Each structure stands twice: as structure tokens, then as C-alpha cells.
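Going down the list, the protein sequences come from chains A and B.
Per this note's numbering, the first sequence starts with residue 1, numbered consecutively.
Per this note's numbering, the second sequence starts with residue 1, numbered consecutively.
Calculated directly from the structure, the hints in this document are not laboratory data.
25 Å max Cα-Cα, derived PhoX-like pairs, lysine-lysine:
#1 Lys120/B with Lys197/B
#2 Lys371/A with Lys129/B
#3 Lys135/B with Lys169/B
#4 Lys29/B with Lys212/B
#5 Lys220/B with Lys179/B
#6 Lys129/B with Lys453/A
#7 Lys77/B with Lys66/B
#8 Lys135/B with Lys453/A
#9 Lys371/A with Lys289/A
#10 Lys29/B with Lys197/B
#11 Lys371/A with Lys135/B
#12 Lys18/B with Lys268/A
#13 Lys180/B with Lys120/B
#14 Lys128/B with Lys453/A
#15 Lys77/B with Lys29/B
#16 Lys212/B with Lys8/B
#17 Lys77/B with Lys180/B
#18 Lys66/B with Lys8/B
#19 Lys180/B with Lys220/B
#20 Lys128/B with Lys371/A
#21 Lys371/A with Lys453/A
#22 Lys77/B with Lys179/B
#23 Lys29/B with Lys220/B
#24 Lys268/A with Lys16/B
The following label-pair restraints were derived from C-beta to C-beta distances:
#25 Asn9/B with Arg3/A: 30 to 40 Å
#26 Arg381/A with Phe14/B: 28 to 38 Å
#27 Leu9/A with Gly40/B: 36 to 46 Å
#28 Leu14/A with Leu166/B: 28 to 38 Å
#29 Ser456/A with Leu166/B: 36 to 46 Å
#30 Lys169/B with Leu138/A: 51 to 61 Å
#31 Arg386/A with Thr11/B: 51 to 61 Å
#32 Ile212/A with His71/B: 48 to 58 Å
Being a predicted model, the structure only gives us computed values, none of them experimental.
A virtual CB, placed ideally from N, CA and C, is assigned to each residue, including glycine.
Below are the chains, spelled out letter by letter.
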Amino acid sequence: MIRYLLFILRRERLMTPIWIASLLAASIGIAIAFQQLFATPEDMRVMAETLANPAMQALIGPTYGIDSLTPAMLMAQELLIFMIITVAIFNIFLVIRHTRTDEEQGRLEMLRALPIGRLTNPAATLLFAFKANLAITLAIALGLIATNMDGMQVCGAFIYAGSIGASGFLFASIALLMAQLFSTSRGALSGSFALMGVFYIARAFGDMSGNILSYISPMGLGLRVYSFYDNIAWPILVLFVQAIIIGGIALLVCRNRDLGEGIIPASKGRRHASRFLQTPFGLAWNLSKGNFLAWTIGLFALGATYGAVIGDIAEFVQTNEMFQTLLGLGQGDLITYQVVESFISMILVVMAMVAAIPVVIIANKIRSEEKQGRIEPIFARAIRRRSLLATYTIIAAFGSAWFIFITALGLYAGGANTGLLNFSNIVHIALFYVPAILVMLGMAVFLVGFLPKLTSLVWVIFGYSFLTVYFGSLLGLPEWMDRLSPFGYHPDLEASGFVTMPFIVLSTTAIALILMGFQAYRSRDLVG
Amino acid sequence: MASVIEVKNLTKQFGKFKALSGVDLAVEKGEVMAFLGPNGAGKTTTIRVLLGILRASSGSVKVFGKDAWDHAVELHKRIAFVPGDVNLWPNLTGGEVIDLFTSFQGGKHSGERHRERFIKMFNLDPTKKCRTYSKGNRQKVALISALASNAELFILDEPTSGLDPLMLKTFEDCILELKKEGKSVLLSSHILGEVDKLADHVTIIREGRVVKTGSMTEIKKAAHGKSLEDVFLSEYEDQK
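The following block holds chain B by itself, in its conformation from the complex:
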């Protein structure tokens, strides 16, 4: 069976600057893939290529077996996306934005009940205008819209950077629930505790190249008793 995400030898050039040079990435159905790397490593660029909003300079980028650029619209019906830096329209309310995203998502969405459930879970007041929301609350709006959708693949780019510990727990529960439902998740994150709890596989990227990839158990085994933090720190630091 084809992978949900299959990226092979992806490069992306911005003028003279090479943001990605030969990235490989595979996410299978029903797994959570943690996507790690220092700031500026190319995580967000990779994700944008996956979403078909940046065009790959070379390499193959397939989602559900189809080219991410050519079939963007069709694929997006099955994808939910949460950016790390959520900016919303200041004069719309949170509830309006959630409905808007759901309506744009099209297809069969999970309905009012689902939406209300997540709003309650994340403790969001949907009647407030987005201009009054804090960073965390704007992020909740994006998360609720994504979770309430019927997507099969969730692409999350540092989705929790503004959430409080309680909400972080809620988020983790939601991701585990998605996993149980057989959905796939690509999770870019800097929060190692979160990665430890959720991820099945890990890919670490640095300066536009994949420097480590493997299953969580493999990585833990190879660590020889070192903490996860130390493993990642050494990946971030060495080879200088």
C-alpha cells in the first residue's frame, strides 16, 4: 500500500538560497511522524511544499499517491493543516472562522456536535473577535477547525507553541484519538515531551537535509540510556 506522504529527494531553491537539498520523508497510514529540527532547518518549507503552496524545485512529492502541486485542491479535501503562527481576520469571531474553514473544507464535515465538543474541550469562547484573542486562543481556533474536519492526514506545524500545559494535555489526547481512528499525523514540534508521548517515527532535518530518521523505539534503543533530549541536542549540534 502506498504511503500517505512520500517525499523523495526534494530540493527547494529560493533564488540563490537552497532551502532544501534532497529531503526524503515517508509517513504511513495511522502513524504519527514527528518532524524535528532547529529553527530555519526547512521544516516549514517542506510542509508548504507538501501543501502545494510552494512548488518543488526538483524531486517527487506525493500525498495519498498524488503529486502535491498538481492535485492540491483535491488533496486538501483530505488534509487538515495547523500553522504555528496563526493569524486570523481581526473583525471575524473565532466561531465564524471555524465555520469558514469547515465550509471551505467541503465534503462531509463532522457536524455541529463535533465542533461544539472540541470548543468545549479547548475551552474557547467562540463569540469573541479574533483581534482580542491571545496567541494561544488563535491557535485553538486553528486546532479546532482542523480536528472538527473529517481529514485523513493532519499536518501540524508547531501547533502547540502558545498553549498552556492543560491544553497541551488536551491536544495530546486528541492526537492519540486520531491515531486510534487510523489517521496520519505529521507533527513538527520543538516540545520533546510531546514528541516522546505521541510519535511513532521521527525525522530530524538540519540545513535542508535529513540527518536522522527512524522509529521511536529504534532511536531510544540506540541512545544507550541517554535521554531523548540528549539525543536530539546532539543531532542539532554536532557535524558543525
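Next comes chain A alone, as it looks inside the complex:
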């Protein structure tokens, strides 16, 4: 058991520390930012009012402590749910990686042929997850205490971090159970994430209408610690007990099943490839369609969520100076369409960045296929390099328009009942960002052609864009920094024409990048 734990540790010596360090860095960084953002009680009151409406509560959970606000409390209210989600994702990947993935790849078979108990692998994985979550808890708690921000308490910090750690551990147990139920790592991952989504939505409904669903969903429960205010500890304990029970069930299932089997059987496929699948385009689409569908649903839901809060937000914005600065409005501008539309374009630029993620993933698919050695047998047939790259590029380029359109559609569907939204305006703003997404696609194709080992560089541009767009005006960054990112160009709401200068420049850049990528891809070596 200890040996197995060391073995997991050896394999995790990079991944887990990176996660823990990033969580710690994010916690401290955000704590410092909150300390600066909310220097006066007035700032905090304004923020608390933004949060205290059903729509925001659906997004982030319960708000509390209006009577004695501190930056620490605000931070906990806004951040806890996102920390829980992040740590849950970490745990799900961690557990599946060491259990079902190893089993699927046949590595566990070799280990099980050694004098190792049937339960050693799942039990050691769960134990490792427990320790990792303990480390996360301690790191965040101590890190926050060290920032010494206003309203920081030792007890509150441990309650806050404890809720994160216990939720993480619960998701480790859930993932372990899913790894027993599904016979593929893909199935186990999807099952875990689907359950996480159900928990999040159940919590959202519970928090919006203040009912029991908030307590039934572990995600809602994790938010019921009211850290830095009431500091309630029992939800942490309940989460922990739930984790132990689910983990126990997972071990029980594991003990009684055959290696390689799941409880939910893998479905059988077709005997023949359809006509469509027999073309390069058909194959590329087949490999991308799952992604396409999942992101379509996700982005629609994301858009609808923002749409649902638009009424409250609009009302709030007209009374809040900070947001008026953020939106570039003069003092005293009238609410109504103008404010709403500025707000929508602010949301849409963020959405456009999110919508660009699947586009880049699809474009990078050709590279990941290459890495897995699955592209060689294709090029060994009578297929041209550029036609294969073209199929992926075309699918991704279609996605560039599709994903942002779907998001806009969700936004409209979510907020239609407020009567503040104009469908054609939303679509107009949304489509303005298509060239920006195409530039990201261009970057991806360019890297696939020129720097196949560094395709992940495109995510650096994402990070930069998020930073400048999200915090640019708040932190007072110079305009040129904004302009370096493809998402730094915004539609002129007053202008009637659609094709503006940035639109042309971005489109040209995108096309140039794609063409260069194609040229390089044709003449480079395939690398594994």
C-alpha cells in the first residue's frame, strides 16, 4: 500500500504540485486584488448589492453578511464556488487517470499480476487524493492567513479552505465510483462531469429559490459554511462523511467485478463505415462532433445564464460608478438599451473568448492525432496533407461562427422576458467577434504548421486576452496592450456599417496565418 502510494506520488510529482501551487497563487493573488478593489465600506456595499439578487445567487451561491462586510467575506462569497469547481476537476482527472485509464491501457493488469491486493489501486488512489486535498486545504488556508487582508480570520480561512478540500475529496470518491461503473476512462470522465453539472444546476435552483436542493447538492452544501462570517463547520464534516461512504461503495463494487469490466456495458458500434465517414472530412467530423455537440450545449447554457441576469444587472449598472467606468459610460447616462447593449458587448467579448476554445481544440485535433501516431496510416493512403488540414480548418472555421452565434442565441433566450434585448443587435455584436476567433484559429493552424511541438502556445494568447479584456480597464492598462489581443477590438455601436477597419484587419490576419500554416504543414516532418 505504501509502495503503491509512493508509486502514485512518483507519477504525480509534477501534476499535483503544479495544481496545488496554482490554486495557492490564485487564492493569494485574488485576495490581494480584493483588498485593493474594496478599500472603502461603500465599495463593498455596492458589490454586495450586485451579488444579492437571485440571478447572481444562481451563479455563485448564497450571499451573506451585508451588515458587516469585509473584503475577505466578499472574496469567499464570489470565489468559493469556482474554487470548488476547479478542485473538483482536479480530483476527477486525478482519480480517473490512476484507476480506469490504467486499467483501460492494460497497465493495471500487469500490476495486478504482482502480489498486490485487488483494492490496492483504488484505495491508494483515494488515499492519495485525500492527502492532495489536505495539502490544498492547508496551502489555501495558510496562504490566505498570510495575506492578512481585512476581515481575515484563522478560523474562517480554515473553514473556507476546508470546504474546498472536502468538496474535492468528495469528487475524488465520486470519480472512483464512476471509474467502477464505466468500462472506459472517457465514460468515467463524462459521468463524473455530468454529475458535477447536475449538482451545480440543482444548487443554482436551490439558491435562487432558497429551498432544500441547496443542501442536497454537495456543491450547495459546500457553500453553506458562510466563511469569514458565521464559519459553520458541519457541512465540511457532512461532505467528508459522504466522501467516505461513496468511496466505500466504490471499493465494494471494485472488489466484486472483473478487471476491465464496468457495470454499465460499453455499447456496440456499426459494422460498416457510412459513406460519409469514408471521406477525410467525414473522419475529421466524426472525431470532432462530440466536442462540437458538448460545447454547443454548454455555450448555449452559459449564454442563457448571463441572459437571465441581464435585467438585474442593467438595473444595477445605472447606480454603480465602477461598472459605468468599466463600460466606458459617462456619469448619468440613461439605462435602457444603451447600457444593456454595452453590457452585452462586454459579456459577448468574454463569450467570444470562451467560444474560441472549442475552435482551437478542433484545429489542434489534427496535431493530437499526429502525436498519437494515428495520422501516419492516413497519409500512407492517397490523401494530401493540405486536404486533411483543410477539413479540420473548415470544421473549426464553421465553429468560429457557430459557437458565438449559439452563445448569442442562449443570451437572447435567457433574457428575452426582460424586454430589454434586441435579437438582431445581439447577433450583430456577436458576429463582429468572429474574425477575432478566426485569428485564434489562424494562430492554431500556424503553430500546427510551424511549431508542432509548441501548439499549446495558443493558450498563452488566450491567457493574455483574458487578462487584458477582463482587467484592462479596471487596472488602467494602456490601450495598446488591449490592441495586441485579437479580442481587443470592439464594435462601434453607433456606426451602422458592419464591415469596419478592425474587422478587415483581423480577417486578413486570420487568413494570412492559416495560409502560412498550410504552407508549413505541407513541407514539415510528421513528429510523434
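Chain A is already provided as a structure; the job is to place chain B on it using the hints.
Just chain B, lined up with the frame of chain A:
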């Protein structure tokens, strides 16, 4: 004296699909048993039951006189296993994996010198990450880990499918050496030359049933001058 492996009337059911229906198999101490059969015949399933990682639906499966499922951990201290399709952890080196397996094997293992000897014999670079290994090299890692252990029973499931002819020769020498030391080997293989050179006994399985079993000399005698290949081909093909 009890057989090293003694399987009686083993059946294994996966849902509605019957993978094994009444398999008998016996391996005595110090012998090499070749385990043959076409793809999908149930060789790997049988081996997995022997290793206690699949549970028999019915029948008795004894290794060193003990039930393979109930005493799996204890038995595995005396068993070394090499799968045909070796998959390793991409971010560990070959040397690390060999040490890992040896350490998990527990008991007294044969020590550093033994390990180095086999690494040299199989001409493996143990400092490379497993993700860079070819199929043959991954197989070498599994073979070296097994050979360097102090096991008494070697269960090898198509262990040579990725090896070059030179390495094949090395492998054969190692198996003959094991035999001399009185160790038992269950060798599943498709390479008839290898079987011819190494095996004392042969069991052929088809569609979950044993269709032929006997000593190598018996089989050769009964062949009436036909080549070994023809004998096996007829076993694989007929009764359709």
C-alpha cells in the same frame, strides 16, 4: 505432488457471451506448457482467471494447490507475468518500471546484478522514458522484470510478438535456463518455431474449449511425418 497449475472444467461467462466452456489445463513443475489457439479462442481469458483478475464463473482453478481468486496476492509472490500488449506509464523510464515491478513483487528478488544482466542481454536502454519505446522495447521491459524476479511460475501471454529474431533467440535461451532451474512456464504463443523449441507439452484451445492436449513427442508422433505447422493448422481449421 500437486501440479503447479490445475484447472478443471473452467467456464467464464461475460454477460450472455460464454468465453470459456469447460477448460482443463495442467502444468507440472519444471515443464514448459505451450498454450495455443486462434485469436479470440480464450487464451488470455484463461490466463486472467489464473491470475485472479477475472473470477471464474464455475470450475476449479488452482495454482500451487491454492485457489487463484481467493489467494491471488499470496500466489503472485511466486508468479511472474508478461502480457502480449505491454503498455507502460509514458512519463516513467524503463529502468524505473523494472524497479517498480521488482519492488511490488516483494519477497527476495534477485538483486541488482541479475537485473543488469538481463538488461544487457536484451540490449535495453533503461534510461529512456517509456513513451519513446517501441512495442518491442516495452515488451523487453516486461520480460526483464519477470526474468529478474524470483518467481517459480512464469505466465507469458504472447511475450515475443514484438521482438526481433536476435531477441527471440535470447528469449528462448532464457526460457531454457528457467526450465533447467526447475521453474514452470505457461507460454501462450503464435510462433510455432518457438513452441517447437521450448515446449514439453501443448494445449490447444478453440472457441473456449480444449481441442487437443498432449506432450510434444506424442503430438509429433501422431502427426505421421506432417510438419508441426500442418498439425496446428488442421486443429485451427477443422470441425467448422
